[in-house]
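S.K.: So you can see what is in the structure, the chains are spelled out below.
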Amino acid sequence: NAGVMQNPRHLVRRRGQEARLRCSPMKGHSHVYWYRQLPEEGLKFMVYLQKENIIDESGMPKERFSAEFPKEGPSILRIQQVVRGDSAAYFCASSPRPPSLNEKLFFGSGTQLSVL
Amino acid sequence: GENVEQHPSTLSVQEGDSAVIKCTYSDSASNYFPWYKQELGKRPQLIIDIRSNVGEKKDQRIAVTLNKTAKHFSLHITETQPEDSAVYFCAALLTGGGNKLTFGTGTQLKVEL
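First to last, the sequence lines map onto chains F and V.
Mapping the first sequence onto this note's numbering, position 24 (from 1) lands on 24, and the numbers just tick up by one.
To convert, take the position in the second sequence, counting from 1, and add 1000; that gives this note's numbering.
Keep in mind that the hints were calculated from the coordinates and are not lab data.
It is possible that part of the hints are untrue.
To be verified - Capping the alpha-carbon separation at 16 Å, the derived lysine to aspartate or glutamate pairs in EDC-like fashion look like this: (1) F:Lys-44 with V:Glu-1005; (2) V:Lys-1042 with F:Glu-40; (3) F:Lys-62 with F:Asp-86; (4) F:Lys-104 with V:Asp-1049; (5) V:Lys-1110 with F:Glu-40.
Isolated chain F (complex conformation):
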């Protein structure tokens, strides 16, 4: 089991460009979560998805940010027209069952987004 895989590890974008972050959950996991971490800060929840469904996007900005988890392929976090304030580490986590069953979250290595 390869664990939660995120790519790229580092992504550099200029202001106004688009950033696409990918996350492949652990084998058998159908629940995916995205968190954002600013330097020397904690992990802020962004969005929780199951296959083909967004369950909770209460932590994701309404504009420029979107997420998907298609039936086939990785989950994608998309940031349009990036600004310098989007620079952060974006972590993906997965679990085999919903949070109501208290399942442990397993994190990927993160994508460090730098906006120039």
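Starting from the structure of chain F, add chain V where the hints point.
M.R.: Here is chain V on its own, set in the frame of chain F:
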């Protein structure tokens, strides 16, 4: 809104001493409390967790205690070693917030020789 508070933000101890990190939560219905360790530039890794039907759990040098009445839980590391140096995050499954894991702001632990 629902949140998790964590103290202290930084903690320095001498090798061999104990370290204690404390967290409080606001949602009385919360029932799952994991702790994660994050080394510089790496992913958060689960080190121990506790569910609301127990008051204490221990795994070698690491223990977690939970006081549901007071809505706080603590991480205890005994006989600290230099490799324990990292940022530690507590978290709580806040059912009032749509069943998502909410993290504290982290504690930078430094174990000095």
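S.K.: Against this structure, judge whether each hint is valid.
M.R.: Against the structure, the hints:
no., hint, verdict
1, F:Lys-44 with V:Glu-1005, "13 Å, holds"
2, V:Lys-1042 with F:Glu-40, "13 Å, holds"
3, F:Lys-62 with F:Asp-86, "14 Å, holds"
4, F:Lys-104 with V:Asp-1049, "9 Å, holds"
5, V:Lys-1110 with F:Glu-40, "15 Å, holds"
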